[in-house]
Amino acid sequence: MDVPTNRTIAPDSPIRRDHSLSELAARTDLEAFADRWVVHDEKTRALPVAAFNAAL
Amino acid sequence: VSAPPGRLIAEAVQSERAITQFVVKVHSRCDLACDHCYVYEHADQSWRGRPAALSAETATRVALRIAEHAQRHRLPSVRVILHGGEPLLLGPRRTDEILRILRSAIDPVARLDLRVHTNGVRLSPEFCAVFSRHGVKIGVSLDGDRQANDLHRRFAGGRSSHAQALKGLSLLRRPQYRHLYAGILCTVDTRNDPIAVYEALLAQQPPGLDFLLPHATWVAPPARYHDTRTEYADWLLAVYRRWAAQGRPVPIRTFDSLELTAQGGRSLIESLGTEPVGIVVIDTDGTYQQIDSLKITYQGAPETGFNVFEHSVDTAAGHPGFAARRSGMHGLSAACRACPVVRRCGGGFYPHRYGPENGFDNPSVYCEDLRTLVENIPPRGPDGPPAGPGAAASDGVPQSVARELVDGIDTAWSLRALAVLQNRINRVVVARTARDARGEPGAAQAWDTLVRLEEHAPDAASHVFGNPHLRVWAARQREDAARAHGPGWELLGALAVSAAVASGQIERLAVRLHGNSVYLPDLGRLDLPDAAGAVITTAPGGFIAETDDGGVYEVDLGEPDKAEPYWRPLRQLEAAGMTVALDDLGPCRDCYGWPAAGRLEPGEVAGWRREFAAAVDFLDEHLPRYAAGLRAGLRTVVPLAAGPDGSRRSASAWNAFGSAGVARPGDPETLGLLLIHEMQHVKLSALLDIAELYDKRDETLYYAPWRDELRPLGQFLHGAFAYVAVTEYWHVQSRIRAPGADRRAALADFAKWRERTVGALAVLLGSGKLTGSGRLLVERAQYSIDRIRDG
Numbered sequence: 001m002d003v004p005t006n007r008t009i010a011p012d013s014p015i016r017r018d019h020s021l022s023e024l025a026a027r028t029d030l031e032a033f034a035d036r037w038v039v040h041d042e043k044t045r046a047l048p049v050a051a052f053n054a055a056l
Numbered sequence: 001v002s003a004p005p006g007r008l009i010a011e012a013v014q015s016e017r018a019i020t021q022f023v024v025k026v027h028s029r030c031d032l033a034c035d036h037c038y039v040y041e042h043a044d045q046s047w048r049g050r051p052a053a054l055s056a057e058t059a060t061r062v063a064l065r066i067a068e069h070a071q072r073h074r075l076p077s078v079r080v081i082l083h084g085g086e087p088l089l090l091g092p093r094r095t096d097e098i099l100r101i102l103r104s105a106i107d108p109v110a111r112l113d114l115r116v117h118t119n120g121v122r123l124s125p126e127f128c129a130v131f132s133r134h135g136v137k138i139g140v141s142l143d144g145d146r147q148a149n150d151l152h153r154r155f156a157g158g159r160s161s162h163a164q165a166l167k168g169l170s171l172l173r174r175p176q177y178r179h180l181y182a183g184i185l186c187t188v189d190t191r192n193d194p195i196a197v198y199e200a201l202l203a204q205q206p207p208g209l210d211f212l213l214p215h216a217t218w219v220a221p222p223a224r225y226h227d228t229r230t231e232y233a234d235w236l237l238a239v240y241r242r243w244a245a246q247g248r249p250v251p252i253r254t255f256d257s258l259e260l261t262a263q264g265g266r267s268l269i270e271s272l273g274t275e276p277v278g279i280v281v282i283d284t285d286g287t288y289q290q291i292d293s294l295k296i297t298y299q300g301a302p303e304t305g306f307n308v309f310e311h312s313v314d315t316a317a318g319h320p321g322f323a324a325r326r327s328g329m330h331g332l333s334a335a336c337r338a339c340p341v342v343r344r345c346g347g348g349f350y351p352h353r354y355g356p357e358n359g360f361d362n363p364s365v366y367c368e369d370l371r372t373l374v375e376n377i378p379p380r381g382p383d384g385p386p387a388g389p390g391a392a393a394s395d396g397v398p399q400s401v402a403r404e405l406v407d408g409i410d411t412a413w414s415l416r417a418l419a420v421l422q423n424r425i426n427r428v429v430v431a432r433t434a435r436d437a438r439g440e441p442g443a444a445q446a447w448d449t450l451v452r453l454e455e456h457a458p459d460a461a462s463h464v465f466g467n468p469h470l471r472v473w474a475a476r477q478r479e480d481a482a483r484a485h486g487p488g489w490e491l492l493g494a495l496a497v498s499a500a501v502a503s504g505q506i507e508r509l510a511v512r513l514h515g516n517s518v519y520l521p522d523l524g525r526l527d528l529p530d531a532a533g534a535v536i537t538t539a540p541g542g543f544i545a546e547t548d549d550g551g552v553y554e555v556d557l558g559e560p561d562k563a564e565p566y567w568r569p570l571r572q573l574e575a576a577g578m579t580v581a582l583d584d585l586g587p588c589r590d591c592y593g594w595p596a597a598g599r600l601e602p603g604e605v606a607g608w609r610r611e612f613a614a615a616v617d618f619l620d621e622h623l624p625r626y627a628a629g630l631r632a633g634l635r636t637v638v639p640l641a642a643g644p645d646g647s648r649r650s651a652s653a654w655n656a657f658g659s660a661g662v663a664r665p666g667d668p669e670t671l672g673l674l675l676i677h678e679m680q681h682v683k684l685s686a687l688l689d690i691a692e693l694y695d696k697r698d699e700t701l702y703y704a705p706w707r708d709e710l711r712p713l714g715q716f717l718h719g720a721f722a723y724v725a726v727t728e729y730w731h732v733q734s735r736i737r738a739p740g741a742d743r744r745a746a747l748a749d750f751a752k753w754r755e756r757t758v759g760a761l762a763v764l765l766g767s768g769k770l771t772g773s774g775r776l777l778v779e780r781a782q783y784s785i786d787r788i789r790d791g
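Protein chains in written order, with the working numbering: chain A, 1 to 56; chain B, 1 to 791.
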């Protein structure tokens with residue numbers, strides 16, 4: 001069975017520690033990191049927006 | 001480069017003497033006459049001979065001595081605590097002057113962590129503005145509910161101070177002052193019900209709590225009202241068990257310290273553990289004193305004979321009294337040194353050891369209580385989290401978050417840790433969006449303001465970056481069509497305004513309107529017809545908007561709910577120990593798949609408030625771990641429009657951490673159900689941001705019995721996770737409803753949801769598509785369900 005191992009957050013990820021806003025603004029790799037949390041992609045996110053409507 | 005051994009030793013001695021905390025008494029009188037106070041009601045009566053208030057001249061000498069000390073020891077930071085008497089008796093203007101003096105002398109040398117400790121009675125918007133300006137965190141003394149508090153904390157004439165203290169605390173819960181709130185200190189009286197006291201304190205939503213044993217010595221032993229030798233330990237353990245069962249909803253330093261020392265860590269407080277202590281007290285006359293509570297022992301006990309005019313802090317710290325308190329294990333009595341629990345209790349608080357014959361060379365007068373506490377508070381476990389949001393913030397290791405979620409699906413700690421990570425994600429996303437916004441009018445100024453505010457008021461910045469809808473906004477900004485729909489780039493300016501208001505600083509910011517309105521996150525919406533833009537000037541407790549067509553609009557945020565024709569405030573829902581925003585204004589609140597409700601009428605808001613408070617009460621009583629989860633993670637409720645058939649509606653969004661959309665169901669218990677259901681989705685979404693739980697390449701569809709349809713694995717996992725909470729809810733209902741048709745219906749619902757959830761979890765485990773973390777999570781969910789198998 002080919003199940004991926006747990007994703008590890010990259011050592012240089014801006015969420016590994018508290019970055020100041022000016023530190024963030026100075027990073028050239030910000031887009032790549034930010035897109036992961038902004039863009040909704042079925043393959044990477046698994047869930048469409050508002051998929052969790054409760055059906056009680 | 002090696003240094004000569006002598007120099008190394010000298011440096012070690014020097015750093016050993018470093019004092020990092022300074023308690024500065026700014027007023028030596030008090031407006032209360034609490035009979036347990038160490039300043040006025042015990043052996044030492046030296047306050048009678050001192051100036052009532054700290055003068056500007058003495059304050060200047062104090063500030064220079066602290067700066068000199070910080071520089072000499074190269075201290076990265078020092079903490080200065082304004083104390084009394086009652087420090088607020090100094091009045092806002094003179095307090096402002098003293099704080100300015102401290103900041104201007106110490107800021108250039110070391111990071112200055114300013115605090116004030118007050119009885120809260122005089123806390124006012126004016127004081128909050130002063131404390132906000134200088135970044136001063138506020139701690140308040142409160143002994144519990146009115147009955148408990150009235151036992152001691154009264155005015156000189158006997159009048160209760162409880163209502164005034166609560167009024168002061170209510171100020172600190174307001175969004176614009178929340179970042180100033182440090183916590184509550186409670187002195188234990190074993191005549192009070194421990195759970196009632198704890199719950200009353202929790203209801204004040206403190207970011208931290210602590211309990212103090214009443215000051216006592218072997219000369220004046222503590223009052224004991226019950227037929228047991230350990231009534232103080234018993235009282236505290238009752239609180240501890242409740243607190244632990246609730247998932248540690250707030251850091252409590254005594255308990256956190258006992259858990260930390262149980263696993264070999266360091267104590268967080270002076271009264272427990274054997275770490276050397278570096279605190280000095282400076283009185284209103286500029287004399288250096290040892291810790292104030294020594295006043296309970298004998299007249300003149302805290303005196304050092306040194307003062308800021310003639311002596312450095314190092315000179316004072318050389319006093320033998322400091323040496324004794326700072327000598328850790330060596331300063332303890334022989335009985336303590338031989339005791340197996342000494343590393344955890346540290347011999348107790350130094351003044352509590354005082355006896356008529358041996359001075360301080362005794363075990364604590366609370367020795368048996370301390371030992372009982374130590375023996376009954378275990379370590380938090382090898383994977384156990386450190387306490388409190390600060391600890392979570394410094395951790396940020398995703399695997400530990402996942403493990404903690406698995407190990408206790410609803411613990412508040414895991415949610416706080418996830419909230420810290422979500423806050424960081426929001427910063428990244430907003431920073432990236434601000435980069436895209438370059439060139440848009442006002443965007444650069446808004447970003448520069450946010451950067452500057454973050455340096456001066458990090459808590460205020462952190463607060464606005466916790467807004468649940470920032471990622472929804474950022475996602476829309478990437479798409480032209482969605483951007484045209486709004487809110488556009490102007491939200492960046494609005495975010496800067498909200499941060500400036502939260503910081504209490506005066507800022508002037510240009511904002512653009514979107515359809516004659518500007519929505520200020522966490523605050524409300526300005527409707528300014530006929531204007532295209534405005535300049536907003538923030539001030540503590542409010543702001544003024546001047547429009548480009550000459551209009552001037554003032555908004556007073558001091559009074560919650562106060563609307564104007566041009567201002568619609570965001571209203572709050574309150575329950576015991578929590579406040580959340582009722583967001584019927586935000587432009588991104590339409591992200592829940594169903595239409596959001598429009599602006600609610602006051603009667604509807606009142607209904608929400610009633611039901612929300614009752615829903616949390618219900619969860620506290622019957623599903624306390626889920627209630628703790630709401631306290632730690634829920635920040636906003638978005639009212640949804642009711643369905644045409646009145647059916648229940650609730651939703652969450654993958655990118656809106658801390659928010660749930662709900663159509664008000666009309667009864668508190670159902671509202672409680674909808675909230676915990678959505679919180680399960682919120683948690684899992686946040687976890688999916690940082691961890692892989694399953695193979696995302698899997699294209700198999702799985703039969704979801706709750707929808708009677710096929711779902712992809714991710715949605716199937718979400719459903720199963722949420723229905724663990726739903727099953728627990730129906731289990732509770734099946735036990736509390738009166739026998740008859742109602743209970744039978746609840747039993748049927750319990751059986752139905754349990755069977756479906758158990759089935760779904762088994763399908764997940766059998767899918768072969770879960771990662772290690774995913775498998776742990778599902779197994780833990782299975783364990784939770786199994787525990788309630790037999791009703």
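Watch out, some of these pointers could steer you wrong.
For each label pair, taking beta carbons as the anchor points, the in silico distance ranges come out as [unchecked claim]:
#1 B:G355 <-> A:E23: 52 to 58 Å
#2 A:E23 <-> B:R737: 51 to 57 Å
#3 A:E23 <-> B:D742: 56 to 62 Å
#4 B:A576 <-> A:E23: 46 to 52 Å
#5 B:H456 <-> A:D35: 41 to 47 Å
#6 A:R17 <-> B:G157: 51 to 57 Å
#7 B:A238 <-> A:D35: 47 to 53 Å
#8 A:E23 <-> B:R74: 38 to 44 Å
Treat the hints as calculated values from the structure; they're not laboratory data.
The beta-carbon is built from N, C-alpha and C at its ideal position, and this holds for glycine as well.
Violated hints, by number in ascending order, as checked against the structure
Failing hints, ascending: 4, 5, 8.
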